[in-house]
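Enquirer: Sequences and hints are given; from them, build the entire structure.
There are 2 protein chains.
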Amino acid sequence: MAVTIRDVAREARVSVASVSRALNGSPAVTDETRQRIASIAARLRYVPHSAARSLITKRTQTVGALLPDLYGEFFSELIRGIDLAARSKGLHLLVSSSHGDTNEAAAALRAMQGRVDGMLILSPHVDAAFLRANLPEAVPAVLLNSALKGAQHDVLNIDNYGGAYAMTRHLLDAGHASVAFIGGPEDNFDAQQRERGYREAMAAFAPKAAVKVATGDFGEESGYRAGRAFAKSADRPRAVFAANDMMAVGCLRAFAESGLRVPDDVALAGFDDIPIARYVTPSLTTVHVRIADLGRSALERLATAIEKPGRALHGAAPMLACEVVVRASSGGKTSGRTTAKRA
Amino acid sequence: MAVTIRDVAREARVSVASVSRALNGSPAVTDETRQRIASIAARLRYVPHSAARSLITKRTQTVGALLPDLYGEFFSELIRGIDLAARSKGLHLLVSSSHGDTNEAAAALRAMQGRVDGMLILSPHVDAAFLRANLPEAVPAVLLNSALKGAQHDVLNIDNYGGAYAMTRHLLDAGHASVAFIGGPEDNFDAQQRERGYREAMAAFAPKAAVKVATGDFGEESGYRAGRAFAKSADRPRAVFAANDMMAVGCLRAFAESGLRVPDDVALAGFDDIPIARYVTPSLTTVHVRIADLGRSALERLATAIEKPGRALHGAAPMLACEVVVRASSGGKTSGRTTAKRA
DNA sequence: AACTCCGATGAAAACGTTTACATTCCGCCG
DNA sequence: CGGCGGAATGTAAACGTTTTCATCGGAGTT
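Protein chains in written order, with the working numbering: chain A, 318 to 660; chain B, 318 to 660.
Please keep in mind that the hints were generated in silico from the structure rather than gathered at the bench. Everything numeric in this text was worked out from a predicted model, so none of it was measured. A few of these clues could be false.
It does not matter which identical chain is used: a pair holds within one copy or between any two.
DSBU-like cross-link-like pairs, simulated, lysine-lysine; straight-line CA separation at most 35 angstroms [stated by the list, open to error]: (1) K625 <-> K375; (2) K549 <-> K525; (3) K375 <-> K406; (4) K466 <-> K525; (5) K625 <-> K466; (6) K549 <-> K529; (7) K466 <-> K529; (8) K466 <-> K375.
Expert: In structure tokens:
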């Protein structure tokens, strides 16, 4: 830190302007002097003072990520994707996670003011009003997995609908005549989309079958309760599709306790492909989401939004495809991975 | 961003100095003017330009976290602990993760130059030479889980030794006469400590029993191989302690294939308490590490190192205690959690 | 040979703060 | 009533860059 651009200039017997130009690759400097300056800078271990630089350029080369209190695998995969993409774009990553409520998120968002060139926001707490109040319109933002519609902000979603649609279809294709669903929290965007996917696939491929939906909250316990209810019910479904893996795991436990064999008596599927899915018995058929890809493309969109500020948003909010991962719990014949297609 | 301290000053009919003082809580300003300035600043949505501020104060209010390519649960818990502590200290968090090798880590470390007031470093790739070459001695750093000894840097470790010691003792206490061990990668610091804990506990509590160690690499597959070998061996151990949970899971699979019942025929334990541990059958007895606590206290140490630069390092590297979590796989009578004590 | 033009370099302003130092104002003491 | 001290406020320098504009040579043109 002690060594500044002046030190380099003095040593190289040029002005600070030349040093700046040489180091920033301006064409208006001889190759010869550029060489000399570069080698001297290296020898002196000169590192440009980033604060001074951002003061004048109004760029921080940093993007912020605002995340809610997030579950293990999802969080780390997302950050990995973001981080990798950020590095390749020469951007730094400022994270602020574990926001329990709207106020915390707002505080975090404001605290990042001026420290970042753009924001990646994934949070159930944000809505249009929140953004208007806390996000200066000058700073570009990409919203992840948000229900927000207005063309005000750039949005990137997981194709929950398509994944659920494809999974429902898979279960029907495997020969299970009736497929029931365990839903997630009512106010959860992902959960809504998944349920819609289930309902529409049922309507499309098994119009005569009953649509049966149990309520859950994404917790294992709620899956367990739903599983017990299904096990006892008079017209027990031939397959159960839980809106996430944790509920599927709970459901599996309920079936085991009720003496039902999976998948022989009843098939089962989840959503998310958490690591546990592979290790339960029988292994769980589920929908895999390439979370790291979500992070990567979110960052890439943000980067272009930063580079070309005026640009209109690129049409409709794009969807990140999901894959059906067929394991033991769904029975039937096929096995392996297939990418979910939109209907 | 458009509104600067001058705007506030003009509006309040005072000098920029007074605004600065008022907003930074200097005592040399009347309560009345402070009020007025504060309200005007709020009305104008004035946010101090952090780059300008750090330029003059030489503080960024940011700490960097350098992490290797890290597995899900551990990563997210660690970041959560760090993030929470950072927020309560008013510090921002710049992360750079997913470093595969030394060069990447070095590049990342250098890129953070001047953007952070201190660094949290968790990486198998760092050693004394690495730090000397890439970390200016002016920036405080806390090393996590590092074998580094020199009092040069502040170090914070997980008590792998104590955890392994306690687990070995637990298995012996549960009545298993012989306990075998599946080790991790030879060059892995955690793995070494765990093996040492196992060996010393055996020496202390079962001096007559044979010490049996299989080699593994922390991967599930290597646990499976070790499990098969143990299952076939003439003097099959009564209990197996794997140096991490993934290997324990692999081992469990091997036992199941060999027709061995766990824990009746052979007890099993792991280390880490990954989420899967709860869901395998039987549920896995393991050692739980409070990773978020590790992150939190690392950040707190770093924060004090930043505040009081001259301070000597606080004596020996402290250890973060582990807990033995007793589940079904270890058999015996006791059940629940006990905090591991050092020998 | 004088002029023009262009490419390389330098001088200095600007970015938005904080803070050392100067100034002002007021009450108080002698 | 004059001077003094101290509290409140103002002025301006400093932080380390980037960038505009000016300057300086030298080559090419007439």
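Enquirer: It remains to establish, for every hint, whether it holds in the given structure.
Expert: Evaluation of the provided hints:
1. Within a single copy, K625 and K375 get their C-alpha atoms as close as 15 angstroms, and across copies as close as 31 angstroms, so both meet the 35 angstroms cut-off.
2. Taking the closest pair of Cα atoms, K549 and K525 come within 35 angstroms of each other only inside a single copy of the chain (23 angstroms); across copies the shortest separation is 55 angstroms, beyond that limit.
3. Taking identical chains as interchangeable, the C-alpha atoms of K375 and K406 lie at most 35 angstroms apart whether they share a chain (18 angstroms) or sit on different chains (26 angstroms).
4. Within a single copy, K466 and K525 get their C-alpha atoms as close as 34 angstroms, which meets the 35 angstroms cut-off; across copies the closest is 71 angstroms, which misses it.
5. Taking identical chains as interchangeable, the C-alpha atoms of K625 and K466 lie at most 35 angstroms apart only when both belong to the same chain, with a minimum of 22 angstroms there against 49 angstroms between chains.
6. In this assembly of identical chains, the alpha carbons of K549 and K529 lie at most 35 angstroms apart only when taken from the same copy (14 angstroms versus 49 angstroms across copies).
7. In this homomeric assembly, K466 and K529 come within 35 angstroms of each other (Cα to Cα) only inside a single copy, at 29 angstroms, whereas the closest approach across copies is 62 angstroms.
8. For a Cα distance limit of 35 angstroms, the shortest separation of K466 from K375 inside one copy, 30 angstroms, qualifies, whereas the shortest one across copies, 42 angstroms, does not.
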